[in-house]
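Trainee: Next come the chains, spelled out residue by residue.
Protein chains: 2
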Amino acid sequence: MTTLAVIGKDVPKRDGAEKVTGRTRYLHDLELPRLAHGKILRSRHPHACIVRIDTSRAAALPGVLAVLTGAEVEQHPFGFVKDQLALKTEKVRCVRDEVAAVAAESAAIAEAALELIEVEYEELPAVFDPRAAVRPGAPLVHEERPTNHTDLRYQFSHGDVERAFAEAAAVVEGEFRLNFVTPACLGTMVAIADWDPEGRLTMWSTTQVPFLYQRDLAQALGISGDRIRVLQPPVGGNFGRGLDLYPIDVIAALLARRARRPVKIEFERVEEFIACPTREPCTIRLRTAADAEGRLLARDCHVVIDNGAYVSWGSTTPYVMLSTVAGLYRCPAVRFDTTIAYTNNPYSGSMRGYGNLESTFAVESQMDEVADRLGLDRLEIRRRNVTRSGDVNPQGFVVTSCAMSECLDAVAGAVAQGLPAVESGWRRGVGYAGMFHVGGGARIYRSDGCGAIVKLDDFGRVSLLTGATEIGQGSETVLAMIVAETLGIPLDRVDVVNSDTAIKPWDVGAHASRTTFIAGNAARLAAEKLRGQLLAMAVDELEAPAERLRTAEGWIFVSDEPERRIAYDRAARAGHLRERGQTLVAEAFYDPPTEMLDKDLRGNVSATYGFAAQAAVLDVETATGLIRVRRIVSAHDVGRALNPLAAEGQIHGGIHMGLGYALSERLVVQAGQILTASFMDYAVLKADDMPELVVRLIESGESEGPFGAKGLGESGVIPVSAAVANAVKDATGVRFTELPITPAAVHAALASRSVRA
Amino acid sequence: MTTLAVIGKDVPKRDGAEKVTGRTRYLHDLELPRLAHGKILRSRHPHACIVRIDTSRAAALPGVLAVLTGAEVEQHPFGFVKDQLALKTEKVRCVRDEVAAVAAESAAIAEAALELIEVEYEELPAVFDPRAAVRPGAPLVHEERPTNHTDLRYQFSHGDVERAFAEAAAVVEGEFRLNFVTPACLGTMVAIADWDPEGRLTMWSTTQVPFLYQRDLAQALGISGDRIRVLQPPVGGNFGRGLDLYPIDVIAALLARRARRPVKIEFERVEEFIACPTREPCTIRLRTAADAEGRLLARDCHVVIDNGAYVSWGSTTPYVMLSTVAGLYRCPAVRFDTTIAYTNNPYSGSMRGYGNLESTFAVESQMDEVADRLGLDRLEIRRRNVTRSGDVNPQGFVVTSCAMSECLDAVAGAVAQGLPAVESGWRRGVGYAGMFHVGGGARIYRSDGCGAIVKLDDFGRVSLLTGATEIGQGSETVLAMIVAETLGIPLDRVDVVNSDTAIKPWDVGAHASRTTFIAGNAARLAAEKLRGQLLAMAVDELEAPAERLRTAEGWIFVSDEPERRIAYDRAARAGHLRERGQTLVAEAFYDPPTEMLDKDLRGNVSATYGFAAQAAVLDVETATGLIRVRRIVSAHDVGRALNPLAAEGQIHGGIHMGLGYALSERLVVQAGQILTASFMDYAVLKADDMPELVVRLIESGESEGPFGAKGLGESGVIPVSAAVANAVKDATGVRFTELPITPAAVHAALASRSVRA
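Protein chains in written order, with my numbering: chain A, 4 to 760; chain B, 4 to 760.
Simulated from the structure, these hints should not be mistaken for lab results. Given the structure is predicted, the values throughout are model-derived calculations rather than measurements. Incorrect hints may appear among the rest.
[What the hints assert, rightly or not] Partner residues aside, some chain A positions facing chain B, computed with beta carbon under 8 Å:
(1) R28
(2) H31
(3) D32
(4) E147
(5) T150
(6) P200
(7) F214
(8) Q222
(9) G225
(10) D229
(11) R449
(12) R464
(13) A577
(14) L580
(15) Q585
Just so you know, even glycine gets a beta-carbon here, dropped at the ideal spot from N, CA and C.
Here chain A stands alone, though its shape is the one from the complex (with noise of 0.2 Å):
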């Protein structure tokens, strides 16, 4: 590949100094004149009719605006579905469930206002398990439909599955059950609503999706999108949370409305790990067939989610999940079947990796299962089925560049280089797995799209106004780095703008690994036309055809007499400061060549594929069951490294994640109610519980991608949970299916079996 000026290049975050020195305002820094605090009242029971609340002793308390009920304000029905009012009417769901909400002029006496709320509850049985649900019988969740099933079922076939299993040489099977996680932001959600005297709204919001926020909050509040405006201060931390719209920020404009003041809510870390949106808990039915050889003849996969009491993202991950199933290797024949029950837990929103670690913990067992069935090597079985380039998969993905072989390569290459030797008492295990994603956005929508505009001033300095979303993933940095390299400027001349709605062009939201590939593009348009536009402009001062002409560090000079240059903002004034005169402002809109899965989930859903192959080298102590995690060996394929530090850092976060979910968290939930509610109880990793990490990044050189990039924001926490359970498997003999691999249950496993023994 080329190389680039600012492209290829270690550049920190440019968040980070801002973050570390205390400088960043975030959202929950926010101040507005008289900012009113408004806090939630959640339901008690998982399932109950309100029979009665009373809020006049908590409207009376001095200091509270308003106090609101769902029966006595306007809303609208939200969510996926449209199957949630803000604030519950009749019924409640779950515990996570409004029945009431405060404005007062402290946080402290809105909270003391929920304690004199008095609520009556009817209690009604309850159902926590989804295939519970859906026996007949079951208690309704909600009681106007026939039964617990949602209307989300996601249903796939190609090939002849029947006949693939009829004849494999091997052919495995296994049920793998995944838990309740939840993002554990160190930043909590928080909603600010202000609505001015003509009764337009401005939110300020912990989304990611800042322009179909705009929509659903329209809808949920019965006004029109245009009447609404959506800022995003800095944010700590994200990871799906902000995908949907949820009660908080509907509640938070119906009380800014009710007390004429702005209100803030914002959530405590209690109500974070109750009401924040978590990761879905499912169960994962899956088969595999595989020739003599090991190649893959069939997969067969049914999936029943817990959707909770609502339908949230959570429950849509099976687009994600089938494409594993059907991608994350060659694999001729894919049947796949979904149940998605309404429960009394608390539901699920989307969250980094939406499905795939799930499905590729579950997949990747499997590739170890059937490499053991036949006697073949781990890593071999792998290559044997490893998706190409040119490749079409059952769902009319289309890989374009394609590393995977090198990934499995390079993990190989890194696995095993001077580990410290094993303790006594402790059994070593190597793990590996594969990874498959969208790495060219993914057209969930009807628009995939970003807009872009560039802007040069008389000074040189450059703003790019993006549709992108920053929430910590350094969306900023890689699109500032990729307008300095278009224009050839330097890298801290270029301004992002990009966290409100009255600025910003259209974009879908971070999601969907899509930011660096679909606003990068975007920006890379925009700015190739504000080169093109200045290129013209210093025809006159260089007396040279715009073809000779080149930048390169702010300069625009002649290609072949280099020492003929001028300036870039002295070009700029140049063609700005004379007769018709002009200043520099580009525009463009970057919409991928894709399509939306079709009813029977096929199409080319992504630009570009993502891969990625991992080992996990981890140490277990027999006789107590802890797991010291030794290496991750992470190989990306990337297709370019634009900015290679945060590329690496984008997986070391990933792979921080996805050992929380193999190992340690676990967002308990009994009967509805949520038992792990502070960082005592809910355990994630710390800096030091983190392993040795070895990243490769590998350069494929995506012909689609800005600058041959492609997306790889989810691809480091994808694998990790497999590659842990195929080491923990490699050092114990014990195949763990279900998350997370606590030392208590590698304990007993190893105990029982020793018993067994």
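Since the structure of chain A is already known, use the hints to place chain B on it.
Mentor: Okay, now just chain B, sitting in the frame of chain A:
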């Protein structure tokens, strides 16, 4: 004129409701994390050597973060002729001079620290009168210069002035004396500076010329302009105050750099009176020659300006004074010259009307005197000399649309209707004055342009990103109206974004009554482009060619079949949410077809010119000299009144300021010291001091203007003092040639006349 949907309707200013309900967050309200507070120590002496500054006690005060003096900080000269440093080093030249500055944890600590700074001065002889200043032997304000003459001199000559005076039927001559006044903004000056870890500076400022400020501040700090971002929160008035860079800005940046914290300097009221740039004090010697019919033959004018200690915009006002002398009425021969001399007084900036109040006071006083000399009616002499469409005046100004005659007629028609009877002991007078000012920008920089970006989102909400600066004049409102009218959408769907140089495209700034005309044209052009894109999108939907499509009230429809229509937002979504879809963003840059004045002060500096006429009706109590203004009639050629309510409000505000200039306001500066440093001493008129105001908006339809408009921002203030002086003369027979015309002055004049009588 065609009736339009939005243009021409009375629309309250969009910042009005926010302001009157206390929701506006002014610059003063702005807080930043770790914000430190800065204070400036000023000279006690108008002219002195700085012998020694000891800041050690101040630096030792707990809570003090930084103490700066000119000797120990790197700084670069700035100002119109780069003749000052922000922190003075060897000498102080006026009492405003900055000798040290402190940043501290609080403003109170910073103030206390100032008290601890010891400065030893050696006083120097000073000079306070510009004529005395240029006499040989006068103390030199800038000791390195041979004399106190500044380098500024404005000389103009056209026609045979000597012969005209020799042949005239009437010659009048006089000297008019104008004193210091100050804009007296309710919001004082503020500068907040914040350096990021990469050495880039963000300034929150009261500037009204953000891009020029960016340039000038960079030079003063010795950095390149691309390092500076300028933000403009709402201000409490500006009136030209924000047209230059001042020490407050540079010192805030220097303190912030030293303290490594954001620093806010906010003037208290006393400091605002001392340090806010004033309107320039000057003496205008004017001679006017006319023939027997009252037709002007020639004017000869010499202006002496007290430049004060440093050159700022106040000393450049002869640019405009000349245009009044040469252009307010037809005048075939003109001679103009200036003496602009350094003194040890405070220096002046630009202030609404910018020289034109001063010259109009002189010119219009002499129109009455010529009429009296020739026995002509005072309106009639004006009619005989009126400028007309098609005129090219001595400076080469090309008069396009011109309704000066109609303005005179309108004033004449409204001056006397239904006035209360004159009370006993009072005498009534009526005075007239005309007004001539730029109305289509003013090319005082090489660019007089403005950029605009318009985007339309999927909800039909439109944002205008404009270069324009809102300083309370209503530009956001009128620009939104222009966009709404052009697009055919309801006004409240349009956001205006205009307060961040990182976002907004280039603009020269808010001065010369240029915003509606220049920024309005840019907004109109961008909106027209966007409308064209949208109509192209709607062609498919409506199955009609774009030529047959019209827009109104948020709909696109077929011109002769209005029931075939599609809503704006639906059309936008239809164009966006499809294969190869597009979003809607358009940009434009408008630079008017004008010239800079050449070295002989000739050139068509504005794309069109504004005209107005005023009449003042007032009663004078002969015993006391008290003046009670009964009515001001103000008729304005506005081209087209885009927002009549705001236009009238602009004129009301102008008249208020003009009446203060005429009757009550005077910043008393004696021996270089400012004696009127509070609103107890400095007499701004209160609401109930205001007379009846009768405004007539005359629509001449300027073809180059947006929807026919021309600039109006300064028009109301300019003729007031002339009309008032002429009315006082009419009532009392006394010609006042100095402002303000206070009761004491009137009483003294009447008393001395009665003594003489």
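Trainee: Which of the numbered hints are not met once you compare them with the structure shown?
Mentor: 2, 4, 5, 8, 9, 13
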